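Put the two chains together into one complex, using the hints given.
Heads up: the protein sequence lines correspond to chains A and B, in order. With the working numbering, the residue at position 2 of the first sequence is 2, and numbering never jumps. With the working numbering, the residue at position 87 of the second sequence is 87, and numbering never jumps.
No lab work stands behind these hints: they were computed from the structure.
Here are the simulated DSS-like pairs of lysine-lysine, each with C-alpha atoms no more than 30 Å apart in a straight line:
{"id": "1", "chain 1": "A", "residue 1": "K36", "chain 2": "B", "residue 2": "K34"}
{"id": "2", "chain 1": "A", "residue 1": "K158", "chain 2": "B", "residue 2": "K83"}
{"id": "3", "chain 1": "A", "residue 1": "K139", "chain 2": "B", "residue 2": "K92"}
{"id": "4", "chain 1": "A", "residue 1": "K36", "chain 2": "A", "residue 2": "K90"}
{"id": "5", "chain 1": "A", "residue 1": "K158", "chain 2": "B", "residue 2": "K92"}
{"id": "6", "chain 1": "B", "residue 1": "K43", "chain 2": "A", "residue 2": "K156"}
{"id": "7", "chain 1": "B", "residue 1": "K34", "chain 2": "B", "residue 2": "K83"}
{"id": "8", "chain 1": "A", "residue 1": "K36", "chain 2": "A", "residue 2": "K139"}
{"id": "9", "chain 1": "B", "residue 1": "K43", "chain 2": "A", "residue 2": "K158"}
{"id": "10", "chain 1": "A", "residue 1": "K139", "chain 2": "B", "residue 2": "K54"}
{"id": "11", "chain 1": "B", "residue 1": "K92", "chain 2": "A", "residue 2": "K156"}
{"id": "12", "chain 1": "A", "residue 1": "K90", "chain 2": "B", "residue 2": "K92"}
{"id": "13", "chain 1": "A", "residue 1": "K156", "chain 2": "B", "residue 2": "K99"}
{"id": "14", "chain 1": "B", "residue 1": "K54", "chain 2": "B", "residue 2": "K43"}
{"id": "15", "chain 1": "B", "residue 1": "K83", "chain 2": "A", "residue 2": "K156"}
{"id": "16", "chain 1": "B", "residue 1": "K54", "chain 2": "A", "residue 2": "K156"}
{"id": "17", "chain 1": "A", "residue 1": "K158", "chain 2": "B", "residue 2": "K54"}
{"id": "18", "chain 1": "B", "residue 1": "K34", "chain 2": "A", "residue 2": "K43"}
{"id": "19", "chain 1": "B", "residue 1": "K54", "chain 2": "B", "residue 2": "K83"}
{"id": "20", "chain 1": "B", "residue 1": "K43", "chain 2": "A", "residue 2": "K139"}
{"id": "21", "chain 1": "A", "residue 1": "K88", "chain 2": "A", "residue 2": "K118"}
{"id": "22", "chain 1": "A", "residue 1": "K161", "chain 2": "B", "residue 2": "K92"}
{"id": "23", "chain 1": "B", "residue 1": "K34", "chain 2": "B", "residue 2": "K92"}
{"id": "24", "chain 1": "A", "residue 1": "K161", "chain 2": "A", "residue 2": "K118"}
{"id": "25", "chain 1": "A", "residue 1": "K43", "chain 2": "A", "residue 2": "K90"}
{"id": "26", "chain 1": "B", "residue 1": "K32", "chain 2": "A", "residue 2": "K43"}
{"id": "27", "chain 1": "B", "residue 1": "K54", "chain 2": "B", "residue 2": "K92"}
{"id": "28", "chain 1": "A", "residue 1": "K90", "chain 2": "A", "residue 2": "K118"}
{"id": "29", "chain 1": "A", "residue 1": "K139", "chain 2": "A", "residue 2": "K88"}
{"id": "30", "chain 1": "B", "residue 1": "K99", "chain 2": "A", "residue 2": "K36"}
{"id": "31", "chain 1": "A", "residue 1": "K36", "chain 2": "B", "residue 2": "K54"}
{"id": "32", "chain 1": "B", "residue 1": "K99", "chain 2": "A", "residue 2": "K161"}
{"id": "33", "chain 1": "A", "residue 1": "K90", "chain 2": "A", "residue 2": "K139"}
{"id": "34", "chain 1": "B", "residue 1": "K32", "chain 2": "B", "residue 2": "K92"}
{"id": "35", "chain 1": "A", "residue 1": "K139", "chain 2": "A", "residue 2": "K156"}
Only a predicted model underlies this, so the values are computations on that prediction, with no experimental measurement involved.
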Amino acid sequence: TGGHTTEILRLLSCLSESYSPRHYVFADSDEMSEAKIRSFEQKRAETFSSSQFTLDRIPRSREVRQSWTSSVVTTLYSILYSLPLTYKLKPDLILCNGPGTCVPVCISALLLGLLGIKRAIIVYVESICRVETLSLSGKILYYFSDYFIVQWPDLKEKYPKSVYLGRIV
Amino acid sequence: FRFKDSLAEDLRRADLVISHAGAGSCLETLEKGKPLIVVTNEKLMNNHQLELAKQLDRDGHVFCCNCSTLVETLQSMDLSTLKPFSPGQPEKFASFLDKVFGFQ
Numbered sequence: 001t002g003g004h005t006t007e008i009l010r011l012l013s014c015l016s017e018s019y020s021p022r023h024y025v026f027a028d029s030d031e032m033s034e035a036k037i038r039s040f041e042q043k044r045a046e047t048f049s050s051s052q053f054t055l056d057r058i059p060r061s062r063e064v065r066q067s068w069t070s071s072v073v074t075t076l077y078s079i080l081y082s083l084p085l086t087y088k089l090k091p092d093l094i095l096c097n098g099p100g101t102c103v104p105v106c107i108s109a110l111l112l113g114l115l116g117i118k119r120a121i122i123v124y125v126e127s128i129c130r131v132e133t134l135s136l137s138g139k140i141l142y143y144f145s146d147y148f149i150v151q152w153p154d155l156k157e158k159y160p161k162s163v164y165l166g167r168i169v
Numbered sequence: 001f002r003f004k005d006s007l008a009e010d011l012r013r014a015d016l017v018i019s020h021a022g023a024g025s026c027l028e029t030l031e032k033g034k035p036l037i038v039v040t041n042e043k044l045m046n047n048h049q050l051e052l053a054k055q056l057d058r059d060g061h062v063f064c065c066n067c068s069t070l071v072e073t074l075q076s077m078d079l080s081t082l083k084p085f086s087p088g089q090p091e092k093f094a095s096f097l098d099k100v101f102g103f104q
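With the rest of the complex left out, here is chain B (with noise of 0.2 Å):
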């Protein structure tokens, strides 16, 4: 498993994701509709990785948790409060862009 090009496809069929607090990894699941736990580890983690993956808990899109922590919050999690991850909106960087530039 170790570098496939793409996961989207495991991604598709999964039912659970429990992953590391790289943003990539995070927002490509949340995107996805999965249920996502994300696992930090801080003494190896960049800081900000951290922020991102607190910031989602904190949010209710993700259960954050550390690898000692992982089992209890396998066992004790309700997916169900998990709350859905509305996509980024790019348009409104187009419109701004748009308004500073004159083309409206």
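Isolated chain A (complex conformation) (with noise of 0.2 Å):
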């Protein structure tokens, strides 16, 4: 969603084509990422000529403070739908930075690595607005992810297992 897409493609700005090719998975009901993704994608591709990306869409797992019993309910909703889709992509390397579309893919994905079937590197990047506190998807991934990063001096004391290199975006 908004910030968070803005954040990410930041984030990609200065990645080699060694990252590629490039799956962006958002929630159905986001109407300006993909635009986003498109332009920053067409961009990248006046430079890097072999680009490939692709996008695709799960439900929302969670609307903005709804109720914790149906969040788990729309989350499991969405783990069920993108575990065939993680399963169908096998990435190297799940990149986020905190929707809750983010949840059910590194579940997903945490699932597939426990099956033995691909292991994926999962990096958590908390948002630039979060400086106090970890958002809802940064507290559960900070513990299962394999690098979490946070862009503020006190998360970094707080939360000491993550990684701080400062303002990434």
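Laid out in structure tokens, this is it:
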């Protein structure tokens, strides 16, 4: 969604073509992200002509401030949906930055790893907006990601297993 | 003015920006090097929006106030004390990932 997409595209801006093809997964209710992604990839294709990417939508796992119990149900539904997608894509790297959409995808990847089908490296970058507290996705994925990156020193202190590189978006 | 596609042009011409605490608004303004006053409303906002505004204020990049103190802030502010906001460095992220994967 919105801010998350802008941030993630900035994160991608300096990556080499080793990180290709890129598979973007976002919420079905998100209208603006597709345009931003296409615009980014179009620009990228000007420099790297063999650049490849795909777009996939999954059901949104949680609305802002949705209740706990209904969130569990909608997240389970999103996991059911994202499991076959993750199986199909078999990513080497999952890069996510906080929208609820990333949790089912990461859980699917963890399951595939546990089943010995594909082990993906999960890199989570918490939003620049998070200075003192983690988002809900962050609190969950702090324990399940391979690398958890924060952008402010307060968070590095509170979450010692995190990586602090300064502001990166 | 309700929902323009982009405020980039207005931002370019502005001498001072007074904004709510949305991260996108704050960061876009700071990156363009415009002085910024952030008006917060603790009752309406998500707590985490407030976090960024407060940190930017602490670091001297913006002046934070609320609706009732806005006038006073405008009268007493010294924009020359605002510190320039350096852009984020995604190249550091790229470097980090390259090390993780052994691409160097």
